[in-house]
Amino acid sequence: MAAALVIETLQAGYEPGLPIVRGASLQVEAGEILALLGPNGAGKSTLVKAVAGLVAVSAGRVLLQGADITQVPAHRRLALGLAFVPQTENVFANLTVAENLELAAALQGVKPRQRLPELYRRFPDLDRQRSLRAGRLSGGQRQMLAIARALILPPAVLMLDEPSAGLSPRLVGEVFLSLRVIRDEGVAIVLVEQNVKSALAVADRAAVLVEGIERVVGPAAQLQGDPRLAELYLGRRSVTAPAGAI
Amino acid sequence: MLQVVADGLIVGSVIALGAIGLTLTFSILRFANFAHGEFLAWGAYLALSALAAFVAIGGASAADATGWAAPFAPLSFGWPLVAALAVAMLVTALMAWALDWTLFRRLRVQGAITLVIASFGAALALRNALFFLYGGIPQYYAQALQIGIPFLPRSVYGGLRFTPDQLFVLLLALLIVVAVHLFLSRSTLGRAMRATAHNPALARISGIDPERVLRATWLIGGALAAVAGVFVGLTVQIRPTIGLDLLLPLFAAAILGGIGSVWGAVLGGLIVGLAESAAVTLVGAEWRAAAAFVVLIAILLVRPTGLFGEKS
Amino acid sequence: MDLQGVLSYAGFFLVFASCFAIIVLGLNLQWGFTGLFNVGVAGFVAIGAYTSAILTTPPTPERLGGFDWPVAAGWLAAMLTSGLAGLLVGLAALRLRHDYLAITTFGIAVVVQLAALNLTVLTGGPFGVHFIPKPLQGWLGTGQEWTLAYLALVATLLLLAYVALERLVASPWGRALRAVREDEEAAAALGKRAFVLRLQSFVIGSALMGLGGAAYAHFVGFIAPEDFLPILTFQLWAMLIVGGSGNNRGAILGAYLVWGFWAVAGGALRGVVPQAEQARAAALQVVLIGVLIALMLVWRPRGLLGEQVAVSRHVEPR
Numbered sequence: 000m001a002a003a004l005v006i007e008t009l010q011a012g013y014e015p016g017l018p019i020v021r022g023a024s025l026q027v028e029a030g031e032i033l034a035l036l037g038p039n040g041a042g043k044s045t046l047v048k049a050v051a052g053l054v055a056v057s058a059g060r061v062l063l064q065g066a067d068i069t070q071v072p073a074h075r076r077l078a079l080g081l082a083f084v085p086q087t088e089n090v091f092a093n094l095t096v097a098e099n100l101e102l103a104a105a106l107q108g109v110k111p112r113q114r115l116p117e118l119y120r121r122f123p124d125l126d127r128q129r130s131l132r133a134g135r136l137s138g139g140q141r142q143m144l145a146i147a148r149a150l151i152l153p154p155a156v157l158m159l160d161e162p163s164a165g166l167s168p169r170l171v172g173e174v175f176l177s178l179r180v181i182r183d184e185g186v187a188i189v190l191v192e193q194n195v196k197s198a199l200a201v202a203d204r205a206a207v208l209v210e211g212i213e214r215v216v217g218p219a220a221q222l223q224g225d226p227r228l229a230e231l232y233l234g235r236r237s238v239t240a241p242a243g244a245i
Numbered sequence: 000m001l002q003v004v005a006d007g008l009i010v011g012s013v014i015a016l017g018a019i020g021l022t023l024t025f026s027i028l029r030f031a032n033f034a035h036g037e038f039l040a041w042g043a044y045l046a047l048s049a050l051a052a053f054v055a056i057g058g059a060s061a062a063d064a065t066g067w068a069a070p071f072a073p074l075s076f077g078w079p080l081v082a083a084l085a086v087a088m089l090v091t092a093l094m095a096w097a098l099d100w101t102l103f104r105r106l107r108v109q110g111a112i113t114l115v116i117a118s119f120g121a122a123l124a125l126r127n128a129l130f131f132l133y134g135g136i137p138q139y140y141a142q143a144l145q146i147g148i149p150f151l152p153r154s155v156y157g158g159l160r161f162t163p164d165q166l167f168v169l170l171l172a173l174l175i176v177v178a179v180h181l182f183l184s185r186s187t188l189g190r191a192m193r194a195t196a197h198n199p200a201l202a203r204i205s206g207i208d209p210e211r212v213l214r215a216t217w218l219i220g221g222a223l224a225a226v227a228g229v230f231v232g233l234t235v236q237i238r239p240t241i242g243l244d245l246l247l248p249l250f251a252a253a254i255l256g257g258i259g260s261v262w263g264a265v266l267g268g269l270i271v272g273l274a275e276s277a278a279v280t281l282v283g284a285e286w287r288a289a290a291a292f293v294v295l296i297a298i299l300l301v302r303p304t305g306l307f308g309e310k311s
Numbered sequence: 000m001d002l003q004g005v006l007s008y009a010g011f012f013l014v015f016a017s018c019f020a021i022i023v024l025g026l027n028l029q030w031g032f033t034g035l036f037n038v039g040v041a042g043f044v045a046i047g048a049y050t051s052a053i054l055t056t057p058p059t060p061e062r063l064g065g066f067d068w069p070v071a072a073g074w075l076a077a078m079l080t081s082g083l084a085g086l087l088v089g090l091a092a093l094r095l096r097h098d099y100l101a102i103t104t105f106g107i108a109v110v111v112q113l114a115a116l117n118l119t120v121l122t123g124g125p126f127g128v129h130f131i132p133k134p135l136q137g138w139l140g141t142g143q144e145w146t147l148a149y150l151a152l153v154a155t156l157l158l159l160a161y162v163a164l165e166r167l168v169a170s171p172w173g174r175a176l177r178a179v180r181e182d183e184e185a186a187a188a189l190g191k192r193a194f195v196l197r198l199q200s201f202v203i204g205s206a207l208m209g210l211g212g213a214a215y216a217h218f219v220g221f222i223a224p225e226d227f228l229p230i231l232t233f234q235l236w237a238m239l240i241v242g243g244s245g246n247n248r249g250a251i252l253g254a255y256l257v258w259g260f261w262a263v264a265g266g267a268l269r270g271v272v273p274q275a276e277q278a279r280a281a282a283l284q285v286v287l288i289g290v291l292i293a294l295m296l297v298w299r300p301r302g303l304l305g306e307q308v309a310v311s312r313h314v315e316p317r
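Protein chains in written order, with numbering that gives the first Met the number 0: chain A, 0 to 245; chain B, 0 to 311; chain C, 0 to 317.
Simulated from the structure, these hints should not be mistaken for lab results. Misleading hints may appear alongside valid ones.
Stated by the list, open to error - One side only, chain C facing chain B, incomplete, derived with CB under 8 Å:
no.	residue
1	Leu95
2	Asp98
3	Trp236
4	Ile240
5	Ala278
6	Arg279
7	Ala282
8	Leu283
9	Ile292
10	Ala293
11	Pro300
As the list claims (entries may be wrong) - Sample of chain B residues with no beta-carbon within 10 Å of chain C, all distances over it, derived:
no.	residue
12	Pro73
13	Ala82
14	Gln142
15	Gln145
16	Phe150
17	Phe161
18	Asp164
19	Leu171
20	Val279
Beta carbons: idealized from backbone N, C-alpha and C, even for Gly.
Next comes chain A alone, as it looks inside the complex:
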């Protein structure tokens, strides 16, 4: 069966002629969490934004459950099963929690009655704050709301850009725990993270992106404590192992 998400030698960037993602290739299976790691500026954010359709792709392909979605406009990808939670501004701050979820439901043709009670059960914090404007939520609650919005219809692939940013360790643990539950429901998760330790603890597999290309890919357990990781982050180019091999 085809992998849930396949990224084939993708080239993407904000300006034509200046690619930030330089031919990266990745695969994510259903029911697994892939942590996307790498130093600052490596292109992790740009990569997931390109997969989401927000950044222009100059070469390569993106396949969602076997179908080529590279040319599909961003606003149609959610309906095809690709959900994306950006790092900042990932909820509509001027709407309340309930309005955010109701809008997300309405946009996907889902009656609020069908899905929202279950989401409120899964995220009790949100249930308590239904009529609070999203801009007033705490960091952790906002992250929960952003994820909940993405789960109105169970996606095939869920991508998150640094969901742990600015959160206390305890909250990070809570967020990652909920990701595990989502994964167990069969969703393929791409987790972009700066927090290497926590990410490797929750992920099944991990890939390290350096200067727009994936360098090391393998099971998360094996990457923990791997000295190459430190080298890649510190910038020494001594790692010559081809991508995908451990």
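Please build the complex by placing chains B and C on the supplied structure of chain A, with the hints as guidance.
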């Protein structure tokens, strides 16, 4: 004194309707559309032509409309103008969208300033096209003068008089504002528009089609402008320059209210209308245009995000 | 048309175009080199024109002013007042986002026009200011020779302005200005210094606009509020867009080209349209130039000569 307030409210409700469309395009399309005033002017003139056509079809002449074309006493107009208004709204809405499709869409990649320059040029072209097609002489929907109905005698703060047309304008403007508010807060498309104004990227990945939102913005903005234009024609007169004359007040109202806020545009419009009315009384009618400018400068110096605007 | 007529027409044409070229150089400094969007150019031109007119005309009973100053002093004063206007506008509005600056400058032009129309005691109201002294008239009379001499005068001023601006732009001041224009974040880091740079540029640009206005006024000899309508602002912007913003030579070229197009379009329409409809023909002329600008923006946004400054990317859309 009260009459000043009343007149200000009439002018203000016209400005408010125009400013709603302007604030929507400003926040969703992210540029100041200098051609918006011309949508009002075109709306007024399109209604004029449609009115003549309807009256002619009905077999009556404009001067002595009877039967189905008779005015709804005590208003100055009847079904023909109502039908003409509907036509004007439709055509102006399409015109606004066509302007985006032929011009602004192709320039979006160049940035907001190019769009503003283009809109300034489009405004000139549209305004002068009106001059060319209709000439510069002021025109009216109905020839009969209306008498103001006294609501309060002159002994009470100078008295209060409204003509029936003015009351109609006030009421209809209120209804329209409420309708727009309901649309934006309750309907999916309306909420999608607000979401796009707030955060276009998040809107896209939430499944909102940006083209659909853009189209709706132009259509609604154009239709509202047409109504405002007809109101101007109804309460003042129809001239090719009404768009240019209202442009500064429209901008002042939208900025005063806070870009993106419909109620802000309404409140801003009323305040600018009152300021203009006060200026006419205090300083003289020739200085009415300066009132909007004073309001604009004041809000930009004190609180540039406007009364209900969000800090972006 | 005989040679004399052609020469006479050409002389008029060139003088007007050269006055406009001076103004467009000022606009280019504000927009092309500093990224400031001034939609009220007509207002600054009017301020310069009226200042010089009021100061240099002989006294009249209906109007204040009429100090009978020498023309050169009038032109200098014109630059000072329009520069001062630029200073006031800049202090109030330069820190705002660019489209708010556009709206504010537009409002300035509206108010200036309103003032010109209504402050009759100062500006002559709708009748305007007449009998503006034409320099050198004592020696050269009023004919062809005077027009050519005036052309030489304005062309010299234009050349001086061009040279001065080119040097300014190449100087450290100019380089700092460019840095501020291109990189919003660098500008924010420079903070106050960036604001001062922009303000200086805006003031100098406004002063040039005033000079162009004064030169225009003293050629025609008569100005009125309807000489400074929004259409003028648009014509000037058209000149800059066609020629190439960010390029001083482009600015000058654009002035002559667009004025030429305007004259040709006007002439063609006048020839085709019957006498009674002349006003409507004028309206059509505006429509045509509006369409020209739209086409130019869509197909060749850099203008004919493009930017002279090497920039690594477009100014970011905000």
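Hint numbers not upheld by this structure, sorted from lowest to highest: none
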